[in-house]
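Guided by the hints, dock chain B onto chain A, whose structure is given.
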Amino acid sequence: MKPMFNIDDPDLKKNPFKTPVGFKEKSEKEIWDKISIEKSKSQNKRFITSAAAAVAVLVGLFLGAYQSNFKLYFNNPVADHSEVYETDEVLVYELSNLEEATISEAINEESISNSSALDTDDVSEYLESTDLSEFDIYASL
Amino acid sequence: MEAAKHFNMGMRAISNKQREEEQFAELLETYHDRVYALIRRIVIDHDDAADVLQDTFIKVWEKRDTFRGESNLYTWIYKIATNQCLEFIRKKKRRNFLSLDTYEEKLASKLESDSYFDGNEYQRIFQKAILTLPEKQRIVFQLKYFDEMKYEEMSAVLDTSVGALKASYHHAVKKIEGFVKDQLNH
Numbered sequence: 005m006k007p008m009f010n011i012d013d014p015d016l017k018k019n020p021f022k023t024p025v026g027f028k029e030k031s032e033k034e035i036w037d038k039i040s041i042e043k044s045k046s047q048n049k050r051f052i053t054s055a056a057a058a059v060a061v062l063v064g065l066f067l068g069a070y071q072s073n074f075k076l077y078f079n080n081p082v083a084d085h086s087e088v089y090e091t092d093e094v095l096v097y098e099l100s101n102l103e104e105a106t107i108s109e110a111i112n113e114e115s116i117s118n119s120s121a122l123d124t125d126d127v128s129e130y131l132e133s134t135d136l137s138e139f140d141i142y143a144s145l
Numbered sequence: 034m035e036a037a038k039h040f041n042m043g044m045r046a047i048s049n050k051q052r053e054e055e056q057f058a059e060l061l062e063t064y065h066d067r068v069y070a071l072i073r074r075i076v077i078d079h080d081d082a083a084d085v086l087q088d089t090f091i092k093v094w095e096k097r098d099t100f101r102g103e104s105n106l107y108t109w110i111y112k113i114a115t116n117q118c119l120e121f122i123r124k125k126k127r128r129n130f131l132s133l134d135t136y137e138e139k140l141a142s143k144l145e146s147d148s149y150f151d152g153n154e155y156q157r158i159f160q161k162a163i164l165t166l167p168e169k170q171r172i173v174f175q176l177k178y179f180d181e182m183k184y185e186e187m188s189a190v191l192d193t194s195v196g197a198l199k200a201s202y203h204h205a206v207k208k209i210e211g212f213v214k215d216q217l218n219h
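If you read the protein sequences in the order shown, they are chains A and B.
Start counting the first sequence at 5; every next residue gets the next number (this note's numbering).
Start counting the second sequence at 34; every next residue gets the next number (this note's numbering).
Read the hints as simulated data drawn from the structure, not as lab findings.
Heads up, none of these hints are tricks.
Under the rule of at most 25 Å between Cα atoms (straight-line distance), these lysine-lysine pairs were calculated in the DSS-like manner:
#1 B/K112 - B/K92
#2 B/K92 - A/K43
#3 A/K38 - B/K96
#4 A/K33 - B/K50
#5 A/K43 - B/K112
#6 B/K96 - A/K49
#7 B/K92 - A/K38
#8 B/K207 - A/K18
#9 A/K18 - B/K214
#10 B/K50 - A/K45
#11 A/K17 - B/K161
#12 A/K18 - B/K161
#13 B/K92 - A/K45
#14 A/K45 - B/K96
Note that this is a predicted model, so its numbers are computed, not measured.
Next up, chain A with everything else stripped away, as it sits in the complex:
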């Protein structure tokens, strides 16, 4: 005879799933093993993070100290900067002398050539307009 279905049947409330023998002990051991792996992982992570933080702090300190020394040195009017400037100054001096010499030479050359060109042009124009010879002009001067 087929059973009549009744949701409140106490038989239905019984757990029909068997647990294998020794499962609890095995399962608990595996859980503890996994937890200890997780613990060592998190410890390693913490170690790596703290080591990275320490390195970052050291680099920060070094950079800070380096920068403050640099600023102190260049902002200090009492500090002797001659050593630092020495090579640069010589180079700048030489460069500026060279430039000045070259520029003045170039200006002189141009002014000379310009003045002679003007002179010649002026004289020849004057001669054409007056019908005087070059000699006459120079004699009249």
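Below, chain B alone, put in the same frame as chain A:
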């Protein structure tokens, strides 16, 4: 003086750690079987249940600092367990999407051949009927029917209102009755 202070702090940390481990061992001893039974009824297969159970207790260990004692410890553990079950089922379904049989159909056929199933034919049909329910409704039914959990506690476990849980359980019972009667009449 400073060294002694550091030593005391270190000792306190070790004793806290020891106490935590002792408390967890106690918790594991108390809830292992209950949580296994819940997970097993949801995922059916023993090996799957063992995996989900491990993940659940590892989560409990990892989140031990977040338990504030506002809720009952066992509802907190059940919440983690049900979330782990739902996550496991979703993963299985994702992997199973190319298969002709649904995940629930596979579980139902597993019930036929499961050597760890200790019930009679009537109970087997009943378990198959539960498998026809949507996964969250299945959990609602399991918690109410087998664990006799109060709706207020279930509400904390499933983050669902008491009214919605009552309606869900009522629908679940109707569906199961229909399925079992149908099976028995064949």
